[in-house]
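Chemist: The residues making up each chain are set out below.
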Amino acid sequence: VRERAIELMQDARLIDGHNDFVLQLRILYQNRLSRVNLRELNTTHTNLVKLQAGYVGAQFWSVYVLCSAQNKDAVRLTLEQIDVVKRMCNSYEELELVMTSQGDAPSHKIIFKNVVAGGIKIACLIGIEGGHSIDSSLATLRMYYDLGVRYMTLTHSCNTPWSESSSKGIHNFYPSVTGLTAFGQEVVKEMNRLGMLIDLSHTSYSTAKAALNISKAPVIFSHSSAFSVCNHSRNVPDDILQQLKKNKGIIMVTFNADVLACGRKTVNISTLADHFDHIKKIAGSESIGIGGDYDGVERFPKGLEDVSKYPSLIEELLRRGWNETELKGVLRENFLRVFREVE
Amino acid sequence: PSLPRHNDLPWQLLWKFNNQLRLPAANLTVLNDTHTNIPKLRLGHVGAQFWSVYVPCETQNKDAVRRTLEQIDVVQRMCDLYPDTFACVTDSSGIEDAFQSGKVASLIGVEGGHSIDSSLGVLRSLYRLGARYMTLTHNCNTPWADNWLVDTDGEKPVHHGLSAFGKVRNSISCGVQEQWHWRDVVLASTGAMLGDLPLVQCSISLFVHPSIHPSIQPSIHPSLHPSVHPPTHQSICPSLSVGWHRVPTGLEDVSKYPALVAELLARNWTEEEVKGALAENLLRVFRRVEEVSGAWEAPGSALETPIAFEDLEGTCRTRYGYPNGAGTARPPPAALALALALALLLSVL
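First to last, the protein sequences are chains F and H.
Take 1 as the starting number for the first sequence in this note's numbering and just add one per residue.
Take 1 as the starting number for the second sequence in this note's numbering and just add one per residue.
Don't read these hints as lab results, they were simulated from the structure.
The model shown is predicted, which means the values in this text are computed figures rather than measured ones.
Every residue gets a Cβ at the ideal spot worked out from N, C-alpha and C, and that includes glycine.
Be aware that one or more of the hints could be misleading.
Now the stretches of chain H that chain F is said to cover, found in silico as 3 or more residues with beta-carbon under 8 Å [to be verified]:
(1) 62-74
(2) 121-130
(3) 302-312
This is chain F alone, in the form it adopts within the complex:
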């Protein structure tokens, strides 16, 4: 079964929805890429060699900045994180920044099939994590889009002046905001107009429902799992999963052990696969993708400790009777469908 999993992934490399490696570059190395070798870095879950070993074909790099920067220098910090992604993807020949479902040019269409003359490339995409990065400015949102950002998570763990987070009590910003305000609706509409994916991970259920109601395009959860399996506020309840199915969007199931197992001591691949099974039952496999959240949280299921381990998940799903079409969907096709529709 292991071999089948690998063959499958060789043919359909993973598009992963969320990785905070770039945050670690700031924290550990002050964004000084010249001081690190990204291929072999061993202080993080992620390095380029491991990504290749994990058959990752495309990665959304999160350009998250702390909520505590809201109303301070969040915009500058976000620009710096975007700059790091660009420099990173420019400096390593196995990385290539892309901004469309086809890659940047007709010849780049091939990147998503990962067969490029000279070797296998990993496509780099950019996602903003938290509306506080735009400082309530649609112009800033547009400029991020111009710079290549292709999704924005509407909140992180803090409310913005226009959207409500699922996290309560961590920060004290804008406590009276619920769901999406009128301006929040403008943000969603502008994202539709631009062709930027709306990411609902970290948002409150009100926010998610409001966005699902307003958005004319499919939406994503870049890194969330199933509330019915583990009732953590970061997870998505069944009614929203059903709305997501109607919306033809995608939930990129996340590996954060704390949202998977609700305090259970043992968190392993089977725990994660339970979430996949449940979501498939409620919303269909075409609504599913993968967003590991590596380097964004500390605890991962046993067997999935870093970005080289994705094949083990696919192996488990194969054992549970998932077929190849369903798995290709989970790995990449479902995401590409959503991305094209948003464009």
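Here the structure of chain F is known, so what remains is to put chain H in place on it, guided by the hints.
Modeler: Below, chain H alone, put in the same frame as chain F:
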């Protein structure tokens, strides 16, 4: 066509309309209480314009970065809304194409280093968004460069030119033209426009300008005389914006450039010299800047020096990324709350 270097229309659009270009009063074909509108640009034979994305010095250490992004956005939307008039371009060949197609090539100039909040990452981002020059200072020092007021009795010098960080910055050629290229000398910025045309200060001359107090007499500034600065080092860059009420008689708005040309011709400037001042000299410089940038080392050579945190002022910032700064990997919520509390406590001690 002429290629004036600096126009503050975007600031007027913010000031008057909060950047809402679709308001009827903001219609650029009829707007009549600014120096610049579309009919005047046509009359003035303006072929290309650097639009200044100026934000005031009081935004320094506050929201300068966001404000600058908003001004860049308004220029782009102006090009989108008036596609028959404006063509937003980012290089010298773009300017030439626009000349050919009869549109006003529109470029972006950042006015004041405070717009980058001392961040090379932001500088690069502004370049990617289309900014093609940056005035190193406006009327305020940045943490890395002194402004022109230190050459008057107005202010004391702090950096005596550029700080170490300013010099690091200055050695980058990412294609952003700077107002000058020499180190270790007092900067001349485009300084306080006390109502007169800072034609010379905005010059692309490679000479250092001692501070030229902007009390320029109403006729042509003497330093425009060919014996002082050869015409090959001149370009036209009046700073036009309604905020500055005093412009020379006869040059009241952007339709009046031909009057300046007529005067130069009357003073025996040759056609070639005039064409130089109008456009060719700037294009030459711009192409050279592009060449230098293109010949730079391979990707991966971007400069990564952060400014020393102690050089920064203001409370509207985090220490995120600096050693002992706030910010850790995002642990689960309870631990995060504790970590934040701890960080706050430590920062207070």
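Chemist: A separate judgement is required for each hint: does it hold in the structure or not?
Modeler: Hints and how they fare:
1. For a cut-off of 8 Å, the count of residues in the region 62-74 of chain H with a CB near a CB of chain F stands at 8, and the three-residue condition holds.
2. For the region 121-130 of chain H, the stated coverage by chain F is satisfied: 6 residues place a CB nearer than 8 Å to a CB of that chain, which reaches the threshold of 3.
3. Counting residues of the region 302-312 of chain H whose beta carbon lies closer than 8 Å to any beta carbon of chain F gives 3, which meets the minimum of three for the stated coverage.
In terms of the numbered hints stated before, the structure departs from none.
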